[in-house]
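Colleague: Take a look at the letters that make up each chain.
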Amino acid sequence: MPGKIQVNTTINGEQIEFLCEPRQSLLEVLRDELNLIGSKEGCNNGNCGACNVIMNGLLVNSCLVLGPEAEGALIETIEGVMGPAGLHPLQQAFLENAALQCGICTPGFIVAAKALLDRNPHATEAEIRHWCAGNLCRCTGYDKIIRAVLDAESRLEVLKK
Amino acid sequence: MQTFEYAAPSTLQGALALLQVKGDRARVLSGGTDLIVQVREDRRHLDTMIDIKKIPELIEMRYDPIHGLHLGASVPCCRIYEDPIIQRTYPGLVDAAFLIGGIQIQSRASFGGNLCNSSPAADSIPALIAHHAVCCIAGSESTRKVPVEDFCTAPGKNVLSPTELLVALEVPPPPKHFGASYLRFIPRNEMDIAVVGCGVSIELSADQLTCVRARIALGAVAPTPVLAKEAGLYLAGKRISEESIQKAAASAQTVAHPITDMRGTAEYRRHLVGVLTRRALHSAIERAKGA
Numbered sequence: 000m001p002g003k004i005q006v007n008t009t010i011n012g013e014q015i016e017f018l019c020e021p022r023q024s025l026l027e028v029l030r031d032e033l034n035l036i037g038s039k040e041g042c043n044n045g046n047c048g049a050c051n052v053i054m055n056g057l058l059v060n061s062c063l064v065l066g067p068e069a070e071g072a073l074i075e076t077i078e079g080v081m082g083p084a085g086l087h088p089l090q091q092a093f094l095e096n097a098a099l100q101c102g103i104c105t106p107g108f109i110v111a112a113k114a115l116l117d118r119n120p121h122a123t124e125a126e127i128r129h130w131c132a133g134n135l136c137r138c139t140g141y142d143k144i145i146r147a148v149l150d151a152e153s154r155l156e157v158l159k160k
Numbered sequence: 000m001q002t003f004e005y006a007a008p009s010t011l012q013g014a015l016a017l018l019q020v021k022g023d024r025a026r027v028l029s030g031g032t033d034l035i036v037q038v039r040e041d042r043r044h045l046d047t048m049i050d051i052k053k054i055p056e057l058i059e060m061r062y063d064p065i066h067g068l069h070l071g072a073s074v075p076c077c078r079i080y081e082d083p084i085i086q087r088t089y090p091g092l093v094d095a096a097f098l099i100g101g102i103q104i105q106s107r108a109s110f111g112g113n114l115c116n117s118s119p120a121a122d123s124i125p126a127l128i129a130h131h132a133v134c135c136i137a138g139s140e141s142t143r144k145v146p147v148e149d150f151c152t153a154p155g156k157n158v159l160s161p162t163e164l165l166v167a168l169e170v171p172p173p174p175k176h177f178g179a180s181y182l183r184f185i186p187r188n189e190m191d192i193a194v195v196g197c198g199v200s201i202e203l204s205a206d207q208l209t210c211v212r213a214r215i216a217l218g219a220v221a222p223t224p225v226l227a228k229e230a231g232l233y234l235a236g237k238r239i240s241e242e243s244i245q246k247a248a249a250s251a252q253t254v255a256h257p258i259t260d261m262r263g264t265a266e267y268r269r270h271l272v273g274v275l276t277r278r279a280l281h282s283a284i285e286r287a288k289g290a
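Just so you know, the sequences run in chain order A and B. Numbering that gives the first Met the number 0 puts the first sequence at residues 0 to 160. Numbering that gives the first Met the number 0 puts the second sequence at residues 0 to 290.
Think of the hints as simulated: they come from the structure by calculation, not from any bench. For glycine and all other residues, C-beta sits at the position ideal for the given N, C-alpha and C. Hints are supplied without guarantee of correctness; some may be wrong.
[Claimed, not checked] Think about it this way: if two alpha-carbon atoms lie no more than 30 Å apart in a straight line, the pair counts; the simulated DSSO-like pairs of lysine-lysine are:
no.	chain 1	residue 1	chain 2	residue 2
1	B	K52	A	K3
2	B	K144	B	K175
3	B	K21	B	K156
4	A	K3	B	K228
5	A	K3	B	K21
6	B	K156	B	K237
7	A	K159	A	K143
8	B	K21	B	K53
9	B	K156	B	K288
[Stated by the list, open to error] Here's a subset of chain B near chain A, in silico, CB distances under 8 Å, partners left out:
no.	residue
10	M0
11	T32
12	D50
13	Q103
14	E189
15	M190
Based on the provided sequences and hints, a complete structural model is requested.
Modeller: Here you go:
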């Protein structure tokens, strides 16, 4: 039986040390060991995006990362999206555009959209749709989600001024 | 998930030594987008995962006009398509890197992993073949080079012995008036496995009227990705015309030996080979003219 591995990582700006079995995914570590349950398990095979986190600046499915791979990494989860001043403009835009119904896919979409807007604050609708191809939603039909991301872009633009 | 040990050696020698001891009970972890799913679903059994992403040679990507591209086997797709030099120089590789999975998969998945997974429908392989790429393989005693078209031997199988490691891909610098393209047919826009894939490259004469050299490779139409050698040879020296493109596409269809499955019938796939080869040639020719 392989022993547990000690992993040092940074999650949402905080240095974290955890123990995990090699077979535990980063998603399982977040949810089961660190009680960061915002990231969801949808398909557990890299299709749905509900478990999205940003790892070293790149959007990844945390179900397809092993816990030990987080060693030395910088990880951002949905729990780190909200700032001290309250909801992130993306979160406010999702609420006001009714971009969620059951809510299971929402953390993944918000993390994905944040990763996009961090690098491309003026993404077009086509770019947003392409970027979100790895996120599944079975409630909204996607349109309201795309509207919400476009709305968040405008909100972020106003905040910059 | 089944239990296994995790090792992340920081040197190539360290990884090879582990493979020497563990053999086929170990599996190399690159982006993990295939491997982790296979292990979780008990389609693959192992007792050690060797994470190779801490080894400098495996994550190095460098280009110079003399030697071409040296692509570490674990370099993720996003680093390939975001690099302005690669975008200009290896358009077929960029096409493939940009359509494998979604953004999340492209952050992790590598061409080396795609090769070692050895799926007949792997998107990067026809593009690599079209670009004349060669696999650099290290064993504990020696190293060897294998052209990409000779790497896969059957679905999920390839020429690597259990103690060898695919370290990098070497892609020669393109000549002048060169273009390449990879096209995949799927019944939607994103996130699907190829019904058929087609990678082509073409070198034009200085007046851009004649094909000097061409290479056509197909995915998802045989037990391994295949080089349609005759189709490329046919085009060499021919004037670029609808007729010559049509004949090359017809030649490519003769090397397709597809099966019928949930993604399409054999007949449909053979038809698609003709369509995609024509379209990919047109795209590569346009790019060669613009280069």
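Colleague: Each hint should be assessed against the structure and marked as holding or not.
Modeller: Results of checking the hints against the structure:
1. Among the hinted pairs, K52 (chain B) with K3 (chain A) is consistent with the structure: their alpha-carbon atoms are about 21 Å apart, no more than 30 Å.
2. Of the supplied pair hints, the one linking K144 (chain B) and K175 (chain B) holds, its CA atoms being roughly 26 Å apart against a limit of 30 Å.
3. A hinted pair counts as satisfied when its Cα atoms are at most 30 Å apart, and K21 (chain B) with K156 (chain B) qualifies at roughly 19 Å.
4. Of the supplied pair hints, the one linking K3 (chain A) and K228 (chain B) is violated, its CA atoms being roughly 51 Å apart against a limit of 30 Å.
5. Restraint check for K3 (chain A) and K21 (chain B): satisfied, since their Cα atoms lie roughly 20 Å apart, inside the 30 Å limit.
6. With a CA separation close to 37 Å, the supplied pair K156 (chain B) and K237 (chain B) exceeds the 30 Å bound.
7. Of the supplied pair hints, the one linking K159 (chain A) and K143 (chain A) holds, its CA atoms being roughly 24 Å apart against a limit of 30 Å.
8. Between K21 (chain B) and K53 (chain B) the CA atoms are separated by roughly 19 Å; this keeps the pair inside 30 Å, and the hint holds.
9. For the suggested pair K156 (chain B) and K288 (chain B), the alpha carbons sit about 38 Å apart, so the restraint of at most 30 Å is broken.
10. Given the 8 Å rule on beta carbons, the hint for M0 (chain B) holds: about 4 Å separates it from the nearest Cβ of chain A.
11. Contact between T32 (chain B) and chain A, as hinted, is supported at the beta carbon level, the nearest pair being about 6 Å apart and thus within 8 Å.
12. Among the interface hints, the one on D50 (chain B) holds; its C-beta lies about 6 Å from the nearest C-beta in chain A, closer than the 8 Å criterion.
13. Below 8 Å, beta-carbon pairs count as interface contacts, and Q103 (chain B) has one with chain A at about 5 Å; its hint therefore holds.
14. Interface hint status for E189 (chain B): upheld, as the beta-carbon distance to the closest one in chain A is roughly 4 Å, under 8 Å.
15. Nearest Cβ of chain A to the Cβ of M190 (chain B): about 5 Å, under the 8 Å cut. The hint holds.
Hints 4, 6, 9 from the list above are not met by this structure, while the remaining hints are.
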